[in-house]
Each structure stands twice: as structure tokens, then as C-alpha cells.
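Can you make the complete structure from the sequences, with help from the hints?
2 protein chains.
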Amino acid sequence: MNYQSMTKEELLAEREALQAEYDRFHAMNLQLNMSRGQPSAQQLELSMKMLDELNSSSNMLSSNGVDCRNYGLPDGLPEMRAMFAAMLGVDASNVIVGGNSSLNMMFDFISCAMTHGFKGELPWAKQGPIKFLCPSPGYDRHFSITEYFGIEMITVPMKSYGPDMDIVEALVSSDERIKGIWCVPKYSNPQGITYSDRTVRRFANLKPRAKDFKIIWDNAYCVHDLTDTPDQLLNFYEECEKAGNLDLPVLFASTSKITFPGAGVAAMAAGPETLAVFREHLSFQTIGPDKLNQLRHIYFFKDIGGIREQMKRHRAILAPKFQTVSRMLREALGGRGVAEWTEPNGGYFVSVDVYPGCAKRVVALCREAGVQLTAAGATFPYKNDPKDSNIRLAPTSPALPELEQALELFCLCVKLAAAEKMLGEREDSGE
Amino acid sequence: MNYQSMTKEELLAEREALQAEYDRFHAMNLQLNMSRGQPSAQQLELSMKMLDELNSSSNMLSSNGVDCRNYGLPDGLPEMRAMFAAMLGVDASNVIVGGNSSLNMMFDFISCAMTHGFKGELPWAKQGPIKFLCPSPGYDRHFSITEYFGIEMITVPMKSYGPDMDIVEALVSSDERIKGIWCVPKYSNPQGITYSDRTVRRFANLKPRAKDFKIIWDNAYCVHDLTDTPDQLLNFYEECEKAGNLDLPVLFASTSKITFPGAGVAAMAAGPETLAVFREHLSFQTIGPDKLNQLRHIYFFKDIGGIREQMKRHRAILAPKFQTVSRMLREALGGRGVAEWTEPNGGYFVSVDVYPGCAKRVVALCREAGVQLTAAGATFPYKNDPKDSNIRLAPTSPALPELEQALELFCLCVKLAAAEKMLGEREDSGE
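Sequence lines, in order, name chains A and B.
FYI, in the numbering used here the residues of the first sequence are 1 to 431.
FYI, in the numbering used here the residues of the second sequence are 432 to 862.
Think of the hints as simulated: they come from the structure by calculation, not from any bench.
Heads up, a few of these hints could be off.
Said to hold, decoys possible - Ranges of calculated distance between the beta carbons of each label pair, as one might list FRET restraints:
1. A:SER63 with B:MET479: 17 to 27 Å
2. B:GLU704 with A:GLY305: 43 to 53 Å
3. A:ALA316 with B:GLY581: 28 to 38 Å
4. B:GLY855 with A:SER57: 51 to 61 Å
5. B:ASP522 with A:LYS383: 32 to 42 Å
6. A:ALA27 with B:ASP522: 37 to 47 Å
Stated by the list, open to error - In silico lysine-lysine, DSSO-like type, Cα no more than 27 Å apart, as pairs:
7. A:LYS159 with A:LYS126
8. A:LYS49 with B:LYS733
9. A:LYS119 with A:LYS242
10. A:LYS126 with B:LYS480
11. A:LYS126 with B:LYS733
12. B:LYS557 with A:LYS126
13. A:LYS421 with A:LYS383
14. A:LYS211 with B:LYS642
15. A:LYS421 with A:LYS49
16. A:LYS159 with A:LYS360
17. A:LYS126 with B:LYS642
18. B:LYS733 with B:LYS562
Said to hold, decoys possible - Not close to chain B: a few residues of chain A, all C-beta gaps over 12 Å, as computed:
19. ASN55
20. ALA82
21. GLY150
22. GLU340
Computed from a prediction, not measured in an experiment: that's the story for all the values here.
Even glycine gets a Cβ: it sits at the ideal position worked out from N, Cα and C.
So this is what it looks like as C-alpha cells:
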């Protein structure tokens, strides 16, 4: 029954029942974690054989004859650049392979913009106050980077097809202080939304007022499908090329959630001018990336086909977890008027919008009963969710029985917090 | 015979003979490289077994129980921090382990200072023009970083015991725009000089005018001894502690020249306040370093004792090369009055000061005859050696026969360039 339709007495009774159930959970002393987008131990096992691929008998030369043990090849191995090119939908010449973290490359890219800048414009740090667009809910670590560099963040609402492009276009074309936007275009963090073709084309055809505007296209989940009907993301780089807008895109990907988060390989791609600036930056920053780990990945996967096979194995582990989330949310919360959520075809997260004003309360209730969730507000700039409603669920790490237990508690807390809130609201309105 | 004592006729005859010998070399179409501080292929073989140490049967947990395949441990594995602590002479709690490049960590440290700063002072980029001291000859990639960030570089002469500390103390205590100094304190690049105890103590007791002054202590060659009488470097961090100056030191090291330049592990250490600022920086930049490569190193070396054994094996390969350099320079150039050079007890380089005004000519002559040397001037800020005299020899990479051939040509070019120069000078002076 929809909580909104309940009489005060019904709602009081419901709260009492929920509280009793919550107390029962509390007494169980659970220790579960649904807060972090980490592969499970079972997933990590999928890549263990990779460690055997590179050993003391292996060929240490890249395809272009460079000894991968020594210095050199700052852009990465040709075969690794080709693999990321296939993942990102660009030519290998547009790819720079980095270390183990695409976040690190994004941070360094923003840092480069702050101290050196693009297109002959002043470095961002010398332009006075500047701004970034932050489609929200979004990825907290993106927002943290812009906040760390003192860049003002403007929240842009997420729609089912991606960021609200009317707002993006209006802001970007009128304000030269807006220097960029954070995007997770496929299976977005946390909603699992994939940008529609029209959204991608509108991004590619943006006419920013700022000459040094950049679209950070964090394609973290580009091969992370979970169903037989995976989302299809339009090739952003090609659309930018058609639009004559190759100064806009800066693409990122990594194998963190393909092989090992702690020992993967990251890469970025961009148009020629952007790449030249960042390549110069890198030429001062390092003599070159870890090439043996690249070789190890190449020997394990051979090419993009090997990656796709690996992702099927991940899917076999992850799909049941995401199906469980969908089923349990539907069963416990469907039709109650206390929450809305996403049912993504891929990625690492499920996004739940609980009854407004209840997200912090839900996270606190769960924590007190032994289940860690991502902090409420984390999915918005300055960690401030104006509706206090969005919660990110990360179902990949726990084993299925633990996941079910955590979700049972979560749904209970969503209902309990909503009942509390609604009762309070009725009292406030003198009902 | 000393060229200075030769008559004009003797010098003309000498030049003619040298030119004939040079032409003979030129006709050989050599292709040799003495320009880069790279380990040889033979040295790289010393670490091949490390690749077998971490395989699909290995224990993936750090000593504190963290799965090294997943996210986490931003400061690095406890056992890896301990190993670098032993190398750098600090407590493990002062160590942060990074990726595969200490240069990258230094760059990021300077970048952090530029955008965020220390001790409540403005970020360096917002303080107006600032300066860095550059003991020279020094490491070109250090100087490139400060130049890239627009920091004015002030050359400080190197003495046999380290930088000229009278000058360092006078500048640092009087000019608050001077924010730091680049140091390679043991087996310096390129001279192979180790700072004397007194020099280290004077550094530790500096009283900089700038509250945010940093001493970049790049201890790249801390375990890279080549003789039975290795240099001993005083513990800089301890001296800073005694002097109540723990805001000064920022120490760096890596295994690039212990295992693999392309796949080693780097680390840094600093006093608590400096470390806290940089650790915060890192917390936005990355979720953590490559922990499996750390584990691989730990399994291979066990502890600092394993490192020391490995360095003996490197020494067995490198010492004959350095002995060859010393012998050939002595034989060919000794007593001629055309060059001075260092005979280091460790490190990766030999520094040669050729007859003033001849360094570029020597490098060009060698290049034309097929031997690559480090560019003349590279060892000074802005690539400008005011005396055009210093040349860095990197004898580690070529095999011994190639090294001998390259050195033979080098010595010949040193003499030829000197003879040319002296003849020109005598003409100028109307002799």
C-alpha cells in the first residue's frame, strides 16, 4: 500500500512494525558493506592467470621492438594503445596509456589545465573564478577533484537520457567561465544511465563560450554490460570530428574493473591539440608508464576480443547481484511511494531516490545496524544533495547472501525513514 | 704533453693528426649511445626472476591483510614502506609509496606546491615570481620541471663536497621568493659527488626566509655503490629532526635502477606536515598505487638485505665499465690540459669538463661520427652551461667493447675540439 494513502493510524502502525523489525536486525550485529564500487574476490580470480602470462621466459619486447623493462615509450605500447583505442572508439594515435588509475590521469589533466591551460588561453588558475558543470547525481571523486582545485561546481540535473542538455547548452554558450563538464556517458555512476544518441550529438555540437572548454568523458564502464540487451553509446569522438569540435573531448578508460583495481592499466584519448598539450605535460612529469604491466595485459587479452570474453565472465558473476537488487527493491518498495530507483543494463551501481529528506537518515539507520552505504549526498557537488534523497548502492563486492541481507535492511530503513518523515510532515501541517 | 705548452706549430700538427684519426672513425659508421642513464640488458636480466615471484598461486594479501589486487592502501604496502624507509633513513610512517617513477612524484610534489602550497602560505603559483636553487651541473629533468612551472632557476656551483653552501645559506636566508633546492645528495647526477657530513648538516640547519621552503632530496643512487670504499651519506632526515627543521626535507627514491626502469616502484618521505599536505593531494589524485608490483618486489627482495645483494650484482656489471671510463680518460686526456673529470664511487654517470667553449663542439663531433652523448648544456638550468664545458657520460648501457669504442672517439673529440679552440684563441690574441 502506498504510504501516502495511509491514514495517520495506519502509518503509525506501519512505523511501529518497521521499528520492531529494525530492532531485530540491529541485534544481529551485521558487518556488511555496500558502499564501494569494488569488484568481488570472485571477480578478481578471473584475472589471476594474467600474472602467469609475464614471467622470466617471456618476450620482453613490444610489437615495435622496445624492451619494456627499460625506459621509454611514454605513450605506451602500440598494442595497448590499440586496445584502448578500440574501447574508446578512437584511433590509436589519439591514445596515451598511463599508470594504474584513470582517476589519476583525470586529476593530472585538470592540474595541467590549472597550471598551463589550452588554446593559448591563460592557465585556468590565472583566469579568476572558473566553473565546471556537474551532472548529478554523479561520481563523487570527479566532484572532489574540481572542489580541490577551487573550481565552482554547478549542478546539472540528470535525465533518463543523460544530462539536461537544454541547461548544458544554455550555460556553456553564455558563460566563458565555464571550462568543462564531468560525464560518465555509459552506465553512469550512480544511475547506470547511458547517454542517448541525441545527447551525445548535442555534446559534440556544443558551442562553448570558453575557447578552452573540455568535456571529460569518463568511459569507465564502456565494456561493462550486464544483460543481453546492453546499452549502445554513440561514438563521441567521431561525432566531435563531424562537428569540427575536436578540441572538446577528453576520454578516459581503464582496466581497473576488468583485471585488478590495484594493478590495472589506464588510458586517455583526446583531439590532436589537447593531446599535444597533455603530452608535453607528461614529458616533464615522467619518463614513461609501467610497460611490463601493459605487456602482461596484452599477453592475457591479445586484443579487444579478449576483453569482451573477460567481461562475459564478470557478467556471469555480477548479473545475479543486480537482478537481486532489482527484485528486492521491487518487492519491498514497489508501489509504496517511498522510493524510485534505476535498473541499469551495466556498470557498477544502482541509484535509489528515497523519500525526500530521508537519505541521510536511511544511511545512518543502516550504519547503526551494521551495513555501510555510500554517504548520503556524496553523489552531488559539495556533498550536498538538495533533496537529501539520492543513495548509491554498490552491489558488486558482497557475496549474494550478504547482499540479500544488506538489501533487506536497506529497504526496511527506506520505509522506516519515510514513515517517520511523513508522520512528522503531517504533524507539521497540523493534521 | 699539455696543449697549453705547445707551440702553434705543434698544436697545428696535433690538430691535423687528430683530424685524420677522427676521419677514420667517421668512416666506420658507428652507432653507439652514451647519452642516457639506462641499465644495460645484462642488468635487466638480474630481476627477471622477480616476474615469477608473483603468480596465480601467490598469496595476494599484504602483511596487514589487504587484498593487493583491489583498491586501497594509498600509502603503499607496510612492508614496501619499511623497505623504502630503510633506504631513505626514515621511519616507515614517513613514507608514501607511489607508482613506477620517483620523477613523477617529484613533479606532482612541485605541482601540489604550485596549486595548493604549504604552511598556510599562498600556493606558489599565486605568490608572484618565485625561484629555485639548482646546484649545477645537475639533473636536467629536475631543472625541466621547475622551468615548466615558470619557476626562476638560480645556478649554484657544485663543489667536491656538494653545493656551495655559503651561497645557498646566503640566498635562502635573505630571499623569501626562493622556495626550494634540487639535490641529488649521493653520487650526484652527473658528477657522482656525495655531500659531505658538513654539507648535510648545513642543509638541515638552513634558516630559510620562506616559510614554505623545501629541500628536494632525490636520493636516486642511495644504494648504488660501485667500489669497496663506497661513499657514506649522513642521515639527512635525522639531522633535520635534530635541527627542529622537519618542514624542509622531501626525500625520494625508487627501484628503477634496482629492478626495472619501466616497471619499478617509487617512494617519497617527508616530515609530518609536508606529508599531510601531499597525502591530501594524493587522496584526490588516486585511489591508490599499483600494489601487485609492490608485492612482486617484496617477494623478490624480502627486505633491504635483498636489495643490497641485488646491488652487488649490479656492481659486478657496472664497476668494470666505470673503471674503463676512468682508465681511458686518464690515458687519453691526462696531463693534456684539455679536460677534468670525476671518478665516482657509485651512481650512473661520469662528469667531464672539457676545455671551456668546447662542450657543444665535442658533442657535435661525436654525433657526426655516430656516438650519441647527452646534449651539452643539459646539466645546467635553461640548458645553458655558461662555460660550455660540462659533458655527462652515461657508461652503463653500452656493452664494454662498444663503451671502449665510444670513449676512444670521445677522448679524440675532446682533444680535437680543444686544439681547434686554442688555435682560434691564439689567432684572436694576434699570436
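Against which earlier hints does the structure fall short, listed by number upward? Hints 3, 7, 10, 11, 14, 15, 18, 19 and 21 are the ones this structure does not satisfy, whereas the remaining hints hold.
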